[in-house]
Amino acid sequence: MAEKVLMKGNEALAEAAICAGCRHFFGYPITPQTELAAYMAKKMPKIGGTYLQAESELAAINMVLGASAAGVRAMTSSSSPGISLKTEGISYLAGCDLPALIINVQRGGPGLGGIQPSQSDYWQATKATGHGDFQILVFAPSTIQEMVDLVFLAFDLGDKYRMPAMILLDGMLGQMMEPVVLPEAGKTVVPDRPWAADGHKNKRPHNIINSLYLDPLKLEQTNIERFKRYEKIKGTEQRCEELHTEDADIIIVAYGASSRVCRNAVAAARAQGIKAGMIRPITLWPFPVDTIQKRLVSAKAFLTVEMSMGQMVDDVRLAVNGAKPVHFFGRTGGIIPSPPEVLEQIELINGGI
Amino acid sequence: MRPDLNLLLAGFGGQGLLFGGKVVAYCGLIENREISWLPSYGPEMRGGTANCSVCISDEPIGSPLVLSPNALIVMNLPSLEKFIDTVEAGGSVFIDSSMISKRVDRKDINVFYIPATKLAEENDLKGLANMVLVGKLCKELGFCSKETLFAAMEKSVPPSKAELLEKNKKALQIGIDYL
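Chains A and B, in that order, are what the protein sequence lines are.
FYI, the numbering for the first sequence is 1 to 353, going by the numbering used here.
FYI, the numbering for the second sequence is 1 to 179, going by the numbering used here.
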């Protein structure tokens, strides 16, 4: 087995992307994501890849679009305000049915906000990463090993379904170090892209990559076809981790950094004899609706914990659909909730059920 | 099961606290335990207060942010004042007494005063007070063997800075030997 190394989240994401066959990175610096771009700047030229610091986020995402259209694995990374600038390009990527990996190391917002960890881009990532009718795949790692694994999955599923994929994390996960085992480099097979607009010496009719449809009927039909694909993804690609949910009265729903805090709180609650558990979404889109609904009978209440004013809680409420109470607790602006704060919420809910 | 280490290292940016934390984290990695290392980041890295959380455990680590440390290494007064009350009862505090003249009032914790900056300078190891404190931490808490600590140092110093390895090891030894 490969050696366990200590790596920062941001650097592990970069190394994993390289291992997954990505040789084209386009970015623009922003805290707390910068180590990712810096790692790429150092490594890509040595392995025949392209690292390009664009003149703006807008330029970077359009370079990703161009590279992906030409048939290569391409990616970009940024943090919240930078992702907002990239949303136009992400919508075009979706409209062109192009895969691409986008990493958002979230910080507090809105506006320039702050630079400390946050989860307040959930709505943006899962509901509207740009204008128009579309979804992107959204993954939410909670450990550095999982970041590495999800980079591979995000590239592979992006290719499989021809759509952009996002890895949504936050400044805490980006900055922290944990042991990680990297997969062997050079083992990845990047799938063929027969749709790519690359050179082919007139061997086939030329491919067109476009998102402009002036005929409303044609645009409607294209969107309907795309949403059939989304339905299939919702049926097959939901992922989550369950912790002590079988007998849990109170089920926490939390992802990423806040799920780590909740892991401590669940352990503390169990130590007091409170039957607490957790569902940790690994895919935020598709949201793990099936697992939440599976636990509707046994659970007495749900508690969503986020580093935001309450965004994912909407999806939890939709999944629960009024069957059980859904509570919310969050800290925002760059504050990480503490395990005792979450435990207090669990105790409050436990007193009322 | 071995006890958890929830360590906070705090001081000015540039005192090497993040690096000190990395060496401690590597000790856990070498002994195949669960570990996390989390730095503060942002403007405080440019000369203000910097701190770093390190967790070592036999269980998967939840929040990597250490709010109630059972060990604190502290290298400036603002950090001592900020964090001293957060230390768990029974915990240990390692103070660079050449940087901080204040004494700690709390009676429910173990406090070690080490003139780390002075010791480093006297031994031609300027800037390695961090390692003197890490050496003392390891000796007093025994969370890993001396061999592991030195091996962790070897993993933490990049090959391009190999000339610093011996100096760092010497600083660790001074901390281990300090009574």
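No lab work stands behind these hints, which were simulated from the structure alone.
Wrong hints could be hidden among the right ones.
Unchecked claim - Quick look at which bits of chain A chain B covers, simulated, 3 or more residues with Cβ under 8 Å:
| hint | region |
| --- | --- |
| 1 | 175 to 189 |
| 2 | 331 to 345 |
What the hints assert, rightly or not - Below, computed lysine to aspartate or glutamate pairings styled on EDC-like, alpha-carbon distance capped at 16 Å:
| hint | chain 1 | residue 1 | chain 2 | residue 2 |
| --- | --- | --- | --- | --- |
| 3 | A | K275 | A | E246 |
| 4 | B | K102 | B | E122 |
| 5 | A | K300 | A | E237 |
| 6 | A | K4 | B | E31 |
| 7 | A | K4 | B | D85 |
| 8 | B | K155 | A | E3 |
| 9 | A | K127 | A | E344 |
| 10 | B | K126 | B | E147 |
| 11 | A | K187 | A | E225 |
Don't be surprised by glycine CBs; every beta carbon is placed ideally from N, CA and C.
Hints versus structure:
no. : hint               : in the structure
1   : 175 to 189         : holds (count 5)
2   : 331 to 345         : holds (count 3)
3   : A:K275 with A:E246 : holds, 10 Å
4   : B:K102 with B:E122 : violated, 22 Å
5   : A:K300 with A:E237 : violated, 27 Å
6   : A:K4 with B:E31    : holds, 12 Å
7   : A:K4 with B:D85    : violated, 36 Å
8   : B:K155 with A:E3   : holds, 12 Å
9   : A:K127 with A:E344 : violated, 31 Å
10  : B:K126 with B:E147 : violated, 24 Å
11  : A:K187 with A:E225 : violated, 34 Å
Checked against the numbered hints given earlier, this structure breaks hints 4, 5, 7, 9, 10 and 11; the rest are met.
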